[in-house]
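Colleague: In case you want the letters, here they are:
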Amino acid sequence: MSAGAVALYRRRVAIAVNRPIAIVSQVLSPVLWILVVGPALAAAFGGFARNLDYFTYAAIGQIVFIIPFSAMFAGLVVITDRDFGILRELLVAPIRRVTIPLANIAAVLTVAMGQLALIVVLAAARGAHLHTSPGRLVLALAAAALLSIATYGLAELLAYRITQPQIFGTLIPAIGATPYLLCGAIYPIATLPDGVRQFALALPWTHCVAVLRYGLMGSSASGLDAIWHLHSEVEMALLSVAVLLVFAGLTVGLALRAFSRATLR
Amino acid sequence: MPDPVVVEELTKTYPGGVQAVRGISFSVRPGEVFGLLGPNGAGKTTTIGVLTTLVRPSGGRALVGGHDVVADPLAARGSIGVVFQDSVLDNEFSGLANLRLHARLWRVPDADARIASLLAAVGLTERASDSVRTYSGGMRRRLEIARALMARPSVLFLDEPALGLDPIVRQELWQTIGALRAQEEVTVLLSTHYLEEAQSVCDRVAIVDRGEIIALDDPAGLIAAVGHQMLDLSVDDDATEVLAALRELGEPIRSGSTVSVASSESSEALTERVGALALSRLGVETMTVRPTTLNDVFLILTARRVAGHDAVAVGVGS
Numbered sequence: 069m070s071a072g073a074v075a076l077y078r079r080r081v082a083i084a085v086n087r088p089i090a091i092v093s094q095v096l097s098p099v100l101w102i103l104v105v106g107p108a109l110a111a112a113f114g115g116f117a118r119n120l121d122y123f124t125y126a127a128i129g130q131i132v133f134i135i136p137f138s139a140m141f142a143g144l145v146v147i148t149d150r151d152f153g154i155l156r157e158l159l160v161a162p163i164r165r166v167t168i169p170l171a172n173i174a175a176v177l178t179v180a181m182g183q184l185a186l187i188v189v190l191a192a193a194r195g196a197h198l199h200t201s202p203g204r205l206v207l208a209l210a211a212a213a214l215l216s217i218a219t220y221g222l223a224e225l226l227a228y229r230i231t232q233p234q235i236f237g238t239l240i241p242a243i244g245a246t247p248y249l250l251c252g253a254i255y256p257i258a259t260l261p262d263g264v265r266q267f268a269l270a271l272p273w274t275h276c277v278a279v280l281r282y283g284l285m286g287s288s289a290s291g292l293d294a295i296w297h298l299h300s301e302v303e304m305a306l307l308s309v310a311v312l313l314v315f316a317g318l319t320v321g322l323a324l325r326a327f328s329r330a331t332l333r
Numbered sequence: 035m036p037d038p039v040v041v042e043e044l045t046k047t048y049p050g051g052v053q054a055v056r057g058i059s060f061s062v063r064p065g066e067v068f069g070l071l072g073p074n075g076a077g078k079t080t081t082i083g084v085l086t087t088l089v090r091p092s093g094g095r096a097l098v099g100g101h102d103v104v105a106d107p108l109a110a111r112g113s114i115g116v117v118f119q120d121s122v123l124d125n126e127f128s129g130l131a132n133l134r135l136h137a138r139l140w141r142v143p144d145a146d147a148r149i150a151s152l153l154a155a156v157g158l159t160e161r162a163s164d165s166v167r168t169y170s171g172g173m174r175r176r177l178e179i180a181r182a183l184m185a186r187p188s189v190l191f192l193d194e195p196a197l198g199l200d201p202i203v204r205q206e207l208w209q210t211i212g213a214l215r216a217q218e219e220v221t222v223l224l225s226t227h228y229l230e231e232a233q234s235v236c237d238r239v240a241i242v243d244r245g246e247i248i249a250l251d252d253p254a255g256l257i258a259a260v261g262h263q264m265l266d267l268s269v270d271d272d273a274t275e276v277l278a279a280l281r282e283l284g285e286p287i288r289s290g291s292t293v294s295v296a297s298s299e300s301s302e303a304l305t306e307r308v309g310a311l312a313l314s315r316l317g318v319e320t321m322t323v324r325p326t327t328l329n330d331v332f333l334i335l336t337a338r339r340v341a342g343h344d345a346v347a348v349g350v351g352s
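First to last, the protein sequences are chains A and B.
Heads up, my numbering is the position in the first sequence plus 68, with the first residue counted as 1.
Heads up, my numbering is the position in the second sequence plus 34, with the first residue counted as 1.
Excised from the complex, chain A in its bound form:
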């Protein structure tokens, strides 16, 4: 990374870190899930299909809540930078303009990895049964990273298209949190009605949570077979990572285009 990119990256990370209220509010729900709700549901309903531990299953599901929600929330900084802040100063800096959104993405990704670590550590501390291997861990991290990049790309795209921050604010829960309810984060998508299941299969959230479970719990828990109906878990995990890659490429590409159009008249 160039010195300019590093400076922009550090700025965005500092903005995230300097807002403790935002950090706490974003992680509050998943942390409550892990510490209270998940164990309570697991105790109330016992085991799960294929003798899976429901607490561990739902705890990993919290990752696909916090990462997109946080990424959408980070899109607000783009709007405040544009309307009330420093974007024009950055645009006259002797750096390639594309560095600005890419540094933003890198910063959001860093925050997402910290949130992922927080969820995993809390879940393990609360008794989650995590089983991983270097290869599966890499796939899980890749899936989480790509979901973060994809949803932040979407947030940047919307932030450059939407002029009013209050409208963007209403999209944060709609886009950041609603897919979490449909993607199999807290129950298997196989239980969904046909039409809804087809919709869920198109969501990158669904592919991410399946790869995360493959990576952190083991193949029998992943739910990848409900998506792809293939025999090889590795093959299915790679296919889901590919879906995430395409989605991330699409949203980031569109975001860069929107950035270019919004900043050079």
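Any given hint could turn out to be false.
Stated by the list, open to error - Rough simulated footprint, nothing fancy, chain A against chain B, three-plus residues with beta-carbon under 8 Å:
hint: 1; region: 65-77
hint: 2; region: 83-94
hint: 3; region: 136-147
What the hints assert, rightly or not - If you only want the chain B side, here are some residues facing chain A, beta carbon under 8 Å, derived:
hint: 4; residue: Leu-108
hint: 5; residue: Leu-123
hint: 6; residue: Asp-124
hint: 7; residue: Asn-125
hint: 8; residue: Glu-126
What the hints assert, rightly or not - Ranges between beta-carbon positions, derived for each pair:
hint: 9; chain 1: B; residue 1: Gly-198; chain 2: A; residue 2: Gly-182; range: 50 to 56 Å
hint: 10; chain 1: B; residue 1: Ala-109; chain 2: A; residue 2: Val-314; range: 34 to 40 Å
hint: 11; chain 1: A; residue 1: Gly-321; chain 2: B; residue 2: Gly-50; range: 23 to 29 Å
hint: 12; chain 1: B; residue 1: Ser-298; chain 2: A; residue 2: Gln-232; range: 33 to 39 Å
hint: 13; chain 1: A; residue 1: Phe-152; chain 2: B; residue 2: Ser-234; range: 31 to 37 Å
hint: 14; chain 1: B; residue 1: Gly-57; chain 2: A; residue 2: Val-314; range: 44 to 50 Å
hint: 15; chain 1: B; residue 1: Leu-311; chain 2: A; residue 2: Ala-330; range: 55 to 61 Å
hint: 16; chain 1: B; residue 1: Gln-53; chain 2: A; residue 2: Thr-148; range: 47 to 53 Å
hint: 17; chain 1: B; residue 1: Glu-219; chain 2: A; residue 2: Val-189; range: 53 to 59 Å
Treat the hints as calculated values from the structure; they're not laboratory data.
Built from N, CA and C at the ideal position, the CB exists for glycine as well.
Following the hints, position chain B against chain A.
Modeller: Showing chain B alone in chain A's frame:
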């Protein structure tokens, strides 16, 4: 030494067909303070937008620091500092952090010493660690000027730097700009619609109206071209006869209840000629003679344009 800013036949038409800039040409000499003057919507900010690579020109050519702003925007941006019309500070951080970010983006060597020196120059050393949210309008402007000078730019762009500031703060700001300009040896291109302030700051000015330069010279030259004395007459509603009578002296312009005419004659000669017109019988209540200002020059030149006169009266393109 080549001119740090060269603009040739620059045009900008925004989507929707609005022609903001219509073929303007000028150059800024090394070390001078050059003013783009004109009302809101004249095309000043668009011109600065092109020169700072924020606006893509529709036609023509612009060089900043010897670099074409379209062909080599990175190099052009590396040679400029910009103070924008609105305050453009990073409200999340302190004044010091704002300067540090700029220093990193522009790769300023020995940044800490440079920051300390500039903070002292703009009188913000004591407040450097405070959030810029707590700064007054004048303090924000001073910080932005310090930031724009951080990388020792060859050209400093000031887009309406005094806009929204009270008169005392505006005066302090111009003093700060003047002192820093002498210290930094930087070429300054500024836009403003405070014409009389520009008169005391600028070495040369271009008066811009509806996307075109209608006059370009040093302030004294512009004033001399229309007449260095200004006669103001206070009139009642129907000033038709007064306007007709004053055409013997020059081109009268009306602004509210005042009719003015510029003249190159001495104040004594002018008073004598006006006396001969016996204006009191036409309803003229008071009469004053005063030095012509750039504001008067602008009003006269734009009135000529409206009347369809030849606008190119005072050195356009020099």
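Colleague: So, for every hint listed, does it hold in this structure?
Modeller: Here is how each hint holds up against the structure:
1. 65-77: Result for this restraint: violated, n = 0.
2. 83-94: That given contact holds, which follows from 6 residues of the region 83-94 of chain B lying within Cβ reach (below 8 Å) of chain A.
3. 136-147: holds (count 5)
4. Leu-108: Holds, because the Cβ-Cβ distance from B:Leu-108 to chain A comes to roughly 5 Å (cut-off 8 Å).
5. Leu-123: Hint holds; B:Leu-123 Cβ to chain A Cβ min 7 Å, cut 8 Å.
6. Asp-124: holds, 4 Å
7. Asn-125: Hint on B:Asn-125: holds, closest Cβ of chain A at ~6 Å, below 8 Å.
8. Glu-126: B:Glu-126 check passes; min Cβ-Cβ to chain A is 5 Å, inside 8 Å.
9. B:Gly-198 to A:Gly-182: 50 to 56 Å: At 41 Å between Cβs, range violated.
10. B:Ala-109 to A:Val-314: 34 to 40 Å: holds, 37 Å
11. A:Gly-321 to B:Gly-50: 23 to 29 Å: Taking Cβ atoms as reference, A:Gly-321 and B:Gly-50 lie about 27 Å apart, which means the hint holds.
12. B:Ser-298 to A:Gln-232: 33 to 39 Å: Since the Cβ atoms of B:Ser-298 and A:Gln-232 sit about 55 Å apart, the hinted range of 33 to 39 Å is violated.
13. A:Phe-152 to B:Ser-234: 31 to 37 Å: holds, 33 Å
14. B:Gly-57 to A:Val-314: 44 to 50 Å: Since B:Gly-57 and A:Val-314 have Cβ atoms about 47 Å apart, the given range 44 to 50 Å holds.
15. B:Leu-311 to A:Ala-330: 55 to 61 Å: holds, 59 Å
16. B:Gln-53 to A:Thr-148: 47 to 53 Å: violated, 32 Å
17. B:Glu-219 to A:Val-189: 53 to 59 Å: holds, 57 Å
Comparing the model with each numbered hint stated earlier shows that hints 1, 9, 12, 16 do not hold.
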